[in-house]
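Chains A and B, in that order, give the protein sequences. No gaps in the numbering here: position 284 of the first sequence is 284 in my numbering, and each next residue is one more. Numbers in my numbering are just positions in the second sequence, counted from 1, shifted up by 1000.
I should point out that these hints are in silico values taken from the structure, not numbers from a laboratory. Please read all numbers here as calculations on a predicted model, not as lab measurements. A virtual CB, placed ideally from N, CA and C, is assigned to each residue, including glycine. Some hints could be false.
In silico contact screen, one side only, chain A against chain B (beta carbon under 8 Å); selected entries [said to hold, decoys possible]:
| no. | residue |
| --- | --- |
| 1 | 98 |
| 2 | 101 |
| 3 | 108 |
| 4 | 109 |
| 5 | 112 |
| 6 | 258 |
| 7 | 259 |
| 8 | 323 |
| 9 | 324 |
| 10 | 330 |
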Amino acid sequence: MISNTKIFHLPIALVVLLMLSCCGDTDEPVSDQDVADQATIEAYLAENDSLAEAHESGIYYVIVDTVPSGTQAAGNIMSIFYSAAIMGGSEIDNITKGEEDSVMLKQGVDAIYPVGLDIGLSLMKEGETFRFYIPSSLAYGDYSSSLIPENSIIVIEVEVAAIHNVADIIDDQHDQIEEYIEVQKLDSTIIDSVFNSTLNEWVHTDTTLFHPLDSVEYLISDQIYFKRQSEGTAGNMVIGGESATISYIGTTLSGDEFDRRPFATPLTYAFGTGEIIEGLDAGISVMERNEEALIIIPSHKAYGESVFVIPRFIKQDFVDLEIIPQYAAKVNPYEVVIFETTLQNNP
Amino acid sequence: MKLRLILYITLLFSAVAQAQEYPVDPDDIYRSPVRAVLNQFSITVTTGYNSTKYSHNLDGFWFLQSTTDQYITPNTGEPLGTSFPAYQNWFNNPSLADTVELTDIYDVPYAPLSSPVNNPALSQGLDTLDGNVVGFEGRGWGVPINLGVRYNYQKFRVGLGLGLEFHTIKSLSPTRDDLGIRNYEPNFKKAVFFSYYLNLGYRFYDFWDWSFAGELEIGKQKMGKNWNSSLLNQSIFFNLGVSIEKNLSEYFRIVIKPSYDFKNYGISVPETGLSIKHKNPTFRVNFGVSITIPELRRSPMKSDHVQLKHLYTDPQTGRVEEVRGQPIWKKQNPKVGENHRKLWRYKFKNRKKLNPY
Chain A
1 MISNTKIFHL PIALVVLLML SCCGDTDEPV SDQDVADQAT IEAYLAENDS LAEAHESGIY
61 YVIVDTVPSG TQAAGNIMSI FYSAAIMGGS EIDNITKGEE DSVMLKQGVD AIYPVGLDIG
121 LSLMKEGETF RFYIPSSLAY GDYSSSLIPE NSIIVIEVEV AAIHNVADII DDQHDQIEEY
181 IEVQKLDSTI IDSVFNSTLN EWVHTDTTLF HPLDSVEYLI SDQIYFKRQS EGTAGNMVIG
241 GESATISYIG TTLSGDEFDR RPFATPLTYA FGTGEIIEGL DAGISVMERN EEALIIIPSH
301 KAYGESVFVI PRFIKQDFVD LEIIPQYAAK VNPYEVVIFE TTLQNNP
Chain B
1001 MKLRLILYIT LLFSAVAQAQ EYPVDPDDIY RSPVRAVLNQ FSITVTTGYN STKYSHNLDG
1061 FWFLQSTTDQ YITPNTGEPL GTSFPAYQNW FNNPSLADTV ELTDIYDVPY APLSSPVNNP
1121 ALSQGLDTLD GNVVGFEGRG WGVPINLGVR YNYQKFRVGL GLGLEFHTIK SLSPTRDDLG
1181 IRNYEPNFKK AVFFSYYLNL GYRFYDFWDW SFAGELEIGK QKMGKNWNSS LLNQSIFFNL
1241 GVSIEKNLSE YFRIVIKPSY DFKNYGISVP ETGLSIKHKN PTFRVNFGVS ITIPELRRSP
1301 MKSDHVQLKH LYTDPQTGRV EEVRGQPIWK KQNPKVGENH RKLWRYKFKN RKKLNPY
C-alpha cells in the first residue's frame, strides 16, 4: 500500500517539476532580449569601442572626456549637449554644442526617458563627456517607429555642460521673465514716449504697444507674475471650496502655444485643491470672474523638470503608450509658461 | 347554447373510447357528463432546468470603461467631446450615470506627477471603444414551475399554460478578450419570470407505453421588476420541443420535455432614440407529470376489490354505472399480475427476468 502511494506521488512530482520549469520559461524572453542585446553590444564594442566599461544596470559607457574633480549627486539639474543614434545606424536626435543652447533636465527622479540615459547621467560630473550604449530594455523596448526599429540598442554621447541648483534656475527665470515683460512692453508704465520739451510733457508715440489696464505685478508669496488685462465683476472672486471655470491659451516665453482651452469649452476644476498647477491656481485666486489676465509662471510653480525625452519629436507616441504624462509632450523641462486666462462664471 | 354544443361534441368523441362489453345495453349505463367533458383535458405540471443565453452588442454606441465602471454613450459619428451623457445598466434598465468627463489629469494644466516616467498611475483612465466591436454574452439559469391545461383531440392537442421561473443570472463576459474589457455585471442576481402561452401539439409517435409529441408554445414572458418595463420592447417567444411521455396508465403519465425558446428583447436608451437588442434564447429540460381526468369514478364500495373497470349498481336508485377498480396512476385493466404490488416493487430488480416469481 505504501509503495503504491509512492508511485502515486511520482507523477505529481513530475507535474510540479514541469510546472516549475514552464514558469521559469515565462521570464526567459525578457532576459533573452537582454542577453542578446548584451552580446550585440559587446561584439560591437570589441570592434569599434574597446574602451567601454559595463555598468551593473546593463548599460555600457565610454569616458570620452573627463575632468579631474567635480561633483555629482542624484537629483541634480543638468544642462547637457547630446547626440543619440541607433547603434550602427542612423542618428535620432541631437543638441550640438555651439549650434544650440544646452537642454536642462533633472537626473535621478524618473524624469528622463529613455531610462538608460538617466542611469548613465548619474555617473557623470560637470564638464565630462560620456558615450553610452543602452540596451533596448533600458531604451525603447519593443516600441518601433520609422526611425527606431524594435528592440533597438541606442548610443548616446552626452556632455554635461553645467550642473545647476534650483535657486540659480529661479533667478535665471526671473531675469527671463523681466526681459520678456520689457520686450513685450507688458508694463503700462513702459510706453514708447518722448518728452516734448515745448509742451513740457511726455507724448505717446506708439500707443498700439500700450497694454491695457494694470502693470505686471509680481506676487511675492506665490512667485508668479500677474497682469490684469480686462476688468471682471467687482468683488466676484473664487473662494476656497468652490469650483473655478477657466478658458486659457498657454504659451512659452518664445511665443509657442502649447495648449488651449477655448471660451466655449472651458475647464472647470476644484479651486485651491492642488488639482491644477500651483502657479495657475495662485493666479486665479487674485482674479475676479469675467476678468482676463496674463499669468506668467516660472517652472518651479508649473511643470518643473517635466520629462526630458529623446527623441524630442516623438513624445506623443510615449504619451500614448502611457510611458510619460501628456503635459510632458507639451511643456519642456524647466520651461516658463504663460497663461492668458479668462475666469468665467461657473456653468 | 354554446356550452351545450361543446358538451354534445365532447360526448360524441368520448363515445369512441368505450370498448368494454357488458351484458347491459350501453345506453342504460350512467356516465357523468361532467367527467365526460373533463376527460378531454389533460393537466400537466412540470419543473426542471432552464438555461438562458444572453447576448448583445453595442453597435451604435461608444463603450467606455473606467477602473470601476462601464458605460455606453450614443455614437453620433463625431468624436466624443470632453463631457457627454453616459448610461449604465444597459442590460435591463439603461439610466443616465453621472456625466463622464473625459479628462486626462496628466494633461495641462493639471498638476505634475512625481516620478513621471513609467509611472503606473499613467494607465489610469477611461478606455473608449467603438461599440460595434464590443459585445457581451453570458448565461442565466432557472428553475421553472409550469402548469398547463390542454384539450386533446385524437393526436392533436391545444392548450394554455402558465410558467414561473426562478432565475439566476451570472455576469456577462465580453465577446472579445483582446480588448481588455471586463465582464458586465448586471445590477441584480435573481429574477422571477412569469410567462403565459398557447400550446399546440401533435402526438406523432407511440411506442408501447411511450408517446412522443411535438409541441409549439407561443407566448409572452414578463421579466419582472429588474427590467424597466417602460423601456422594454419584448418579442413573443416561440418554444419548440418534444414531449416524451411515459404512460403509466390511461390517465397518468410522466413527461420529460427538452425544448428551446426563441426570444429576444429590445431595450431603449432614454433620450437617445436608440435601443439595444438582447437575445435571450433558452434551452429547457423540464419534467413532470400529466394527468387526464378519468371519465369514470372509483368504485364507491370499500369492499369492491374488482381490478378491472366494471359495472356498479347503486343499491338505492338502481342506477348502473361503470366504475374504475384502479387508482389513476395504475393501469386500469391490468392483465393478471400486472399491477401486483410485489412485482411493482421489484420491477427494476426483475427487469431482465423472464419469470420474476
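We went through each hint and held it up to the structure:
{"no.": "1", "hint": "98", "result": "violated, 30 Å"}
{"no.": "2", "hint": "101", "result": "violated, 23 Å"}
{"no.": "3", "hint": "108", "result": "violated, 10 Å"}
{"no.": "4", "hint": "109", "result": "holds, 6 Å"}
{"no.": "5", "hint": "112", "result": "holds, 7 Å"}
{"no.": "6", "hint": "258", "result": "holds, 7 Å"}
{"no.": "7", "hint": "259", "result": "holds, 4 Å"}
{"no.": "8", "hint": "323", "result": "holds, 6 Å"}
{"no.": "9", "hint": "324", "result": "holds, 6 Å"}
{"no.": "10", "hint": "330", "result": "holds, 5 Å"}
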